[in-house]
Amino acid sequence: MTALPRALRSPGVARLGVILGLLAVWEIAARWLVDPLFLAPPSAVVMGLGRVIGTRGVPGALGITLYELAIAFALSVAIGLVVGLVVGLHNFSRRSFMPIILLLYGTPQVTVLPIFILYFGIGPASKIAFGVTHGMFPIIVTIAAGVQNIKPILLVSARSMGANSWQMLRYVVFPHMIPSFFTGMRLGMTGVLLGVLLAELYVSTAGIGYFTTLFTQNFDPTRLLGLIGMLAAMAIVLNEGVRRLETRYARWRD
Amino acid sequence: MRGEGPGNAGRAGSRAVQIGFVAAFLGLWYLATTRWGVSSILLPNPLNVARELGDILASGEFVADLRVTLTELFVAFAISAVSGVTLGYVISRTRYRIRVFDPLFSAIYAVPLILFLPLYILIFGLGPASKIALGASISFFPVVLSTIAGFGNVDRTLITAARSMGASDPQLFRFVLLPAALPVMLTGMRMGFTVALLSIIGSETLASLEGLGHRIVHLAEGMEMARMFAYIAFVVAIAALLNVVVSSLEARGRRSR
Chain A
1 MTALPRALRS
11 PGVARLGVIL
21 GLLAVWEIAA
31 RWLVDPLFLA
41 PPSAVVMGLG
51 RVIGTRGVPG
61 ALGITLYELA
71 IAFALSVAIG
81 LVVGLVVGLH
91 NFSRRSFMPI
101 ILLLYGTPQV
111 TVLPIFILYF
121 GIGPASKIAF
131 GVTHGMFPII
141 VTIAAGVQNI
151 KPILLVSARS
161 MGANSWQMLR
171 YVVFPHMIPS
181 FFTGMRLGMT
191 GVLLGVLLAE
201 LYVSTAGIGY
211 FTTLFTQNFD
221 PTRLLGLIGM
231 LAAMAIVLNE
241 GVRRLETRYA
251 RWRD
Chain B
1 MRGEGPGNAG
11 RAGSRAVQIG
21 FVAAFLGLWY
31 LATTRWGVSS
41 ILLPNPLNVA
51 RELGDILASG
61 EFVADLRVTL
71 TELFVAFAIS
81 AVSGVTLGYV
91 ISRTRYRIRV
101 FDPLFSAIYA
111 VPLILFLPLY
121 ILIFGLGPAS
131 KIALGASISF
141 FPVVLSTIAG
151 FGNVDRTLIT
161 AARSMGASDP
171 QLFRFVLLPA
181 ALPVMLTGMR
191 MGFTVALLSI
201 IGSETLASLE
211 GLGHRIVHLA
221 EGMEMARMFA
231 YIAFVVAIAA
241 LLNVVVSSLE
251 ARGRRSR
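First to last, the protein sequences are chains A and B. Quick note on my numbering: the first sequence kicks off at 1 and runs consecutively. Quick note on my numbering: the second sequence kicks off at 1 and runs consecutively.
Calculated directly from the structure, the hints in this document are not laboratory data. Note that this is a predicted model, so its numbers are computed, not measured. Glycine residues also receive a C-beta, built at the ideal position from the N, C-alpha and C atoms. Check each hint, because a few of them may be wrong.
Restraint-style ranges between C-beta atoms, simulated for each label pair [what the hints assert, rightly or not]:
1) A/L37 with B/L249: 37 to 47 Å
2) A/D35 with B/T94: 32 to 42 Å
3) A/P59 with B/T160: 58 to 68 Å
4) A/A158 with B/G37: 25 to 35 Å
5) A/Y249 with B/L31: 14 to 24 Å
6) B/R252 with A/A78: 16 to 26 Å
7) A/Y249 with B/P183: 53 to 63 Å
8) A/A145 with B/S247: 42 to 52 Å
9) B/G27 with A/L37: 52 to 62 Å
10) A/I28 with B/T94: 21 to 31 Å
11) A/A145 with B/L31: 31 to 41 Å
12) B/P170 with A/F38: 15 to 25 Å
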């Protein structure tokens, strides 16, 4: 190791080396060791990306999934914000409803997925609904915890200086809520992605779930991996976006 | 926003609201199915659901599916716990390795790995193998990340002090590193267990031939709604029970150090 130049020893370069090594193992395994019906080499997957996009219906399916994610996320944030504020700011409702919310948050929701399909159909509505139930609980819990941690003295002094309820929300509660709001958004995004993708994979007529099933049943791992790769990239971009927002706004007071 | 103290009256009040909430929920459910003509395909009568649940428990029909699901869960968790702890410990030994691998694992952890289920089905088939493989992959990341965090953040002074008092490598591990890392590791293992359970029930729901998740889908497709609701209640209860057991094991592990 000592003979290597400094640049090569930096963790970033080494990490890249690990990734390239894993890709090489995958390439060799897929080319010579594993049946091509089950695994495609990464080079073929990358070359086949154009073919995936060219498959009739795939761009539309990606669009539908993105639309489901956006609506589900917006609804989760709206519901999470309102319920989180009410439950977090009001002592009685917190003690009454927080145990119920935590209980619901802790249940494995995937068991009720068939019920969602039954109630909301096999179209986008069931995916959005399932995404919302996965996304809203982490947001509620984080926001409730965030507003609960506001120092009582701030509320008392604002009140004693004659602030009305709206002014207290606007100038005391909201600024203090920002860090937990963005943390909640990040956790909510993880939940929404899980919920929407689970429902998509379960049953889908036009979304990406339809095509993952199609490619699996046709033993076409090249296109399957290409599609999964694109979705994973989409998930990474969405997650990274809210994470950046979180780190940007989390430390405003320091 | 009023600073009312959690007095006895307030606490009894919250308890009453909680009980009232559950009672109202059950009451509305019952009325919806009996009085307001909601189709029993959409919402079965709660009494029927209770009867079906009793039948499932009495007949022992659940045993085969429960055994499949629990076997998958324990094998998957054993794989991810052993590999995650081993790899995490090896990585945590030098700063350099932590800086190489920790961001890599965190990045993969942020991807919803359930996406890869079709690939796992393609490679491992519809049986338990694909569920075990997926469950192990998903739960590997919280375990390995928390092991790296646990062993990587041991206070340097403790290590130096133990060394200067002549501790051997095994002694250092047993009396300094392990006790310091254990709380973080246990939290990671609990999270790993929870996501393993979720992903196994999830993948059984999405594509499988047996197991509790599959049973629910099977009943849904057969429109046997009362029995399906009963199975959902059963699975939720099993999951809650497992979570309680794992949390108490975690708490005990913390105390014993």
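Verification of the supplied hints:
1. At about 43 Å, the beta-carbon gap between A/L37 and B/L249 stays in the expected band of 37 to 47 Å.
2. The given range of 32 to 42 Å is respected by A/D35 and B/T94, whose C-beta atoms sit roughly 39 Å from each other.
3. The hinted range of 58 to 68 Å is satisfied by A/P59 and B/T160, whose Cβ atoms lie roughly 60 Å apart.
4. Separated by about 52 Å at the C-beta atoms, A/A158 and B/G37 break the suggested range of 25 to 35 Å.
5. Distance hint check: the CB atoms of A/Y249 and B/L31 are about 46 Å apart, inconsistent with the given range 14 to 24 Å.
6. With their beta carbons about 41 Å apart, B/R252 and A/A78 fall outside the hinted range of 16 to 26 Å.
7. Checked against the hint of 53 to 63 Å, the C-beta distance between A/Y249 and B/P183 comes to roughly 30 Å, which is inconsistent with it.
8. At roughly 19 Å, the beta-carbon separation of A/A145 and B/S247 lies outside the given 42 to 52 Å, and the hint is violated.
9. One distance hint, 52 to 62 Å for the beta-carbon pair B/G27 and A/L37, holds here, with the actual separation near 55 Å.
10. Checked against the hint of 21 to 31 Å, the C-beta distance between A/I28 and B/T94 comes to roughly 28 Å, which is consistent with it.
11. At roughly 36 Å, the beta-carbon separation of A/A145 and B/L31 lies within the given 31 to 41 Å, and the hint holds.
12. Judged by the Cβ atoms, the range 15 to 25 Å given for B/P170 and A/F38 is violated: they are separated by roughly 44 Å.
In this structure, the earlier hints numbered 4, 5, 6, 7, 8, 12 are contradicted, and the remaining ones agree with it.
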